[in-house]
Every structure is written in C-alpha cells, then in structure tokens.
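Note that the sequence shown covers residues 3 to 313 in this note's numbering.
These are calculated hints, taken from the structure and not from any lab test. Keep in mind that the hints are not guaranteed to be accurate.
[Unchecked claim] Using 25 Å as the maximum straight-line C-alpha spacing, the simulated DMTMM-like pairs for lysine to aspartate or glutamate come out as follows:
id, residue 1, residue 2
1, 116, 162
2, 281, 295
3, 116, 192
4, 263, 312
5, 281, 198
6, 271, 257
7, 294, 262
8, 116, 189
A quick note: this is a predicted structure, and the numbers were derived from the prediction, not measured.
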Amino acid sequence: MPSSSAPRALRATQRLTAQASYRPVVLSRTPRIPATTIAATVRLSSTQSSPHNPSRSSVDQTEVTHFNALASSWWDPHGPSRLLHLMNPLRHEFITRCRNSVPTPIPTSTTPSKFRYLDIGCGGGIFAESAARLPTTQSVTAIDPTPEVLKIADAHRRRDPTLLIDGRLTYLNQSIEDLALPTSPAEAYDVVTIFEVIEHVNAPGPFLEQVLQHVKPGGWLVLSTIARTWTSWVVTNVVAEDILGIVPKGTHDWEKYVNEKELRTWFAKRGWGSNGGMKTMGVMYVPGLGWKEVPGGEGWGNYFFGVRRDL
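Use the sequences and the hints to build the structure in full.
Right under this line is the structure:
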C-alpha cells in the first residue's frame with residue numbers, strides 16, 4: 003500500500019470497525035456459532051485457575067490436522083508459512099520493548115544473566131530457533147501438539163550445531179496441559195510466548211490459566227493474535243484465504259478471535275500487568291513491504307500483547 007494512501011485506508015478501516023457489533027469475550031468454550039454469523043462471540047472464561055489436569059486439553063484436533071498437512075512446507079520462506087517468517091523480526095522487537103518498558107530489578111546473585119524461554123505452539127520452530135541463537139538466551143523449550151510439525155522443527159534444528167548444545171533448544175510434542183509445572187518460581191520462565199496460537203485453541207480462558215503458571219514473577223507473557231472485528235474477518239478470512247490465497251484455506255476461524263480490551267480486562271482481574279506492565283502493538287501486513295506497526299491497529303486487526311507477572 004503506498005504511504006500516501008495509508009492514512010486514508012486506516013481511517014476507513016477504523017470507521018468500518020466502529021460499526022461492528024462488540025460483545026465482551028469471556029474466555030471459555032461456548033456453543034459453536036455458524037461461521038456466517040458475523041456477530042459471533044468468543045468468550046474468555048471468568049473461572050479461577052484450574053488445577054493441572056492433562057485430560058482437560060485445550061487442543062483442537064481439527065487444528066492439529068490442518069497444521070500437520072502444512073508441516074513439510076514450514077521452512078519454505080515463500081510457502082504457506084511465509085507471513086510467519088516475515089513477522090518474526092517484529093516478535094523480537096516487541097519482546098525487547100516489553101522487557102525495557104519497566105525497571106529491571108536490582109541485580110542479585112540469583113538474577114539470571116541470560117533468559118529462559120518457553121515457546122507454546124512453536125510450530126516448525128521459526129521463533130524458537132531465532133530466540134535460541136540470541137546471546138542473551140540461556141535456553142528455549144518449545145512445545146507443540148502437532149507431531150508432524152515437530153518432526154520438521156527438530157530436523158531443521160539439527161542443521162545448526164550451536165542449537166544441539168544440551169539444553170539450548172528443546173522440542174516437546176506436548177500440549178500446555180501436559181507440560182510439567184515448575185516446582186518453584188526459579189524454575190519458571192523469564193519469557194513465555196504464544197504466537198498465533200490463542201485463536202486456534204478450543205477454550206482460550208482455561209488455556210491461559212495453564213500458561214500463567216509457567217511465567218516467573220517479573221517475567222513476561224507475550225502473544226500475538228487477531229481482534230474479532232468486521233475488518234479482521236474481511237482481511238483474514240475473505241482476502242487472505244479466499245481472494246489472494248496467501249494464507250492456506252481454513253487457517254483462521256473468526257469466531258475464535260479475541261479483542262485486546264478483553265485480554266487487558268482478563269489479566270487485570272488476576273493482578274497481572276500493574277505499573278505499566280501491559281503493552282500492545284498493532285501490526286498490519288502490507289504486500290511488498292511486509293509487517294508494519296500500525297498505531298491503534300490492535301483495535302481492528304493483528305496485534306501483539308505483552309503482560310508482566312507482578313513481583
């Protein structure tokens with residue numbers, strides 16, 4: 003999109019978004035609403051944290067089947083996962099922005115000089131590999147319930163000897179419910195990432211309840227997802243999948259999208275993100291230019307969301 007037309011396009015998109023009906027999300031499973039109903043609502047559960055229970059999986063087997071079929075092309079920078087490759091630099095930029103946004107605790111003998119990452123729904127390992135190569139990284143644990151995709155991720159890892167160092171990058175074919183809980187705050191992770199995942203799980207509320215337990219006090223949970231608006235439905239389901247074909251058909255289920263304000267409310271009720279510990283960055287894919295930050299874009303399309311676990 004030419005830069006001179008971007009402001010006009012953004013204003014038009016915002017007007018369209020303002021016309022869309024808005025219903026608060028209550029992160030929990032609800033009866034499936036027909037995809038043709040644009041006023042559909044995803045709900046975030048208001049229940050308290052549930053105990054670790056692997057039998058209550060948030061994994062949607064339909065999603066697993068879909069991504070298994072894409073496994074062989076995951077590392078093709080011009081294939082179906084092209085947009086994920088192009089988004090990866092922004093992921094790191096946003097994490098750095100989050101970590102620099104609040105004062106760093108005074109260093110002590112127990113303060114880590116390097117950081118431990120947990121990448122949930124890692125797919126073929128695009129982010130996990132790049133994070134493992136950072137000089138500030140101690141280790142990356144990457145989990146995904148999709149077996150064929152994990153095979154691709156591990157095979158690609160073996161091409162780089164630096165990633166084979168014990169503990170540097172570990173892949174586990176597990177859901178978050180199956181992952182062992184930390185036995186102490188020191189065993190939790192400094193950064194937990196959930197990129198392009200929350201819109202693919204069965205029940206985002208219970209899923210997030212499980213995720214919270216793996217974030218170290220003072221650590222960050224960082225995710226990317228899509229707002230549930232008329233604009234996002236047109237862009238992701240109609241244009242990206244049906245018209246341009248730049249995203250494989252069936253990748254997105256608009257009914258599962260979650261709005262940024264809903265996440266803010268959900269985390270605030272749990273005492274997370276105080277004193278500036280919540281950050282958002284709206285982004286937009288511009289053909290020919292890649293992913294770009296769009297101020298206010300979190301209200302109508304793709305966005306990053308970061309929240310800090312209070313000390």
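Here is what the structure says about each hint:
Annotation: proposed proximity of residue 116 to residue 162 holds, straight-line Cα distance about 21 Å (limit 25 Å). Note on residue 281 and residue 295: the hinted pairing holds, with a Cα-Cα distance of about 13 Å set against a maximum of 25 Å. Note on residue 116 and residue 192: the hinted pairing holds, with a Cα-Cα distance of about 9 Å set against a maximum of 25 Å. With a C-alpha separation of about 19 Å, the suggested pair residue 263 and residue 312 falls inside the 25 Å cut-off, and the hint holds.
About 17 Å separates the Cα atoms of residue 281 and residue 198, which keeps this hinted pair within 25 Å; it holds. Under the criterion of a C-alpha separation no larger than 25 Å, the hint pairing residue 271 with residue 257 is consistent with the structure, at around 24 Å. Annotation: proposed proximity of residue 294 to residue 262 holds, straight-line Cα distance about 18 Å (limit 25 Å). Proposed proximity of residue 116 and residue 189 is supported: the alpha carbons are some 14 Å apart, at most 25 Å.
Checked against the numbered hints listed earlier, the structure breaks none of them; every hint is satisfied.
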